[in-house]
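Since chain A is already given, all that's left is putting chain B on it; use the hints.
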Amino acid sequence: KNEVEQSPQNLTAQEGEFITINCSYSVGISALHWLQQHPGGGIVSLFMLSSGKKKHGRLIATINIQEKHSSLHITASHPRDSAVYICAAGVNTDKLIFGTGTRLQVFP
Amino acid sequence: EPEVTQTPSHQVTQMGQEVILRCVPISNHLYFYWYRQILGQKVEFLVSFYNNEISEKSEIFDDQFSVERPDGSNFTLKIRSTKLEDSAMYFCASRNDRNTEAFFGQGTRLTVV
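Protein chains in written order, with this note's numbering: chain A, 6 to 113; chain B, 21 to 133.
For the record, the hints were derived by calculation from the structure and aren't laboratory data. Note that the Cβ used here is the ideal one computed from N, Cα and C, for glycine as well. It is possible that some hints are incorrect.
Each computed DSBU-like pair below joins lysine-lysine, with the alpha-carbon atoms no more than 30 Å apart [to be verified]: (1) A/Lys-73 / A/Lys-58; (2) B/Lys-98 / A/Lys-59; (3) B/Lys-98 / A/Lys-73.
A partial selection of chain A residues facing chain B, derived with a Cβ cut-off under 7 Å [what the hints assert, rightly or not]: (4) Gly-46; (5) Ile-48; (6) Ser-50; (7) Met-53; (8) Thr-98; (9) Phe-103; (10) Thr-105.
Looking at chain A on its own, in the form it has when it is part of the complex (with noise of 0.2 Å):
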């Protein structure tokens, strides 16, 4: 079993959309990380939380502790939201432990 598994795998969503990826991990954490990759390859750090929520332009990362689940949404979607978001979990001996993505496609 993975230790972090996301879902889903693919999402196709029409511009305007309102998007939720989750994430679900069994280890124990220090942080949870969440990060977009595009198809160039590059990997950009989105969110860091530990605990609540966090929120960043029409980007909202909520996490639950107890539930060890966490969610990432993206609020009006756009065309160049299209990318893989990938959920990381942020280990005590402070490697990330990575899931396999979520590829969104957002079309106008």
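This is chain B only, laid out in the frame that chain A set:
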């Protein structure tokens, strides 16, 4: 905005050859990492480096791999004798502190032929 830079962006090498992948982390960062992503698979941890020594390595990081911070700015990953299965995108990352976000480079795509 400060960024992690990796060179080269793409390297093709023959099986059995040595390769060195180079990274310049963000200047005030203290924690350094290498990760890899085989095409179509998830990103995997290779090694973490702090205070001029390896702090953790994965099972993938065997005797064929080594890391070095030779001059206080560069952070290199060496693969001594490349195998076909080493073909992957290699990402360098750095952090100021263990409890802060990680900054990733754009990656080096290594192709072993």
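Looking at the structure, which of the earlier hints fail to hold?
-> Violated: hints 2, 3.
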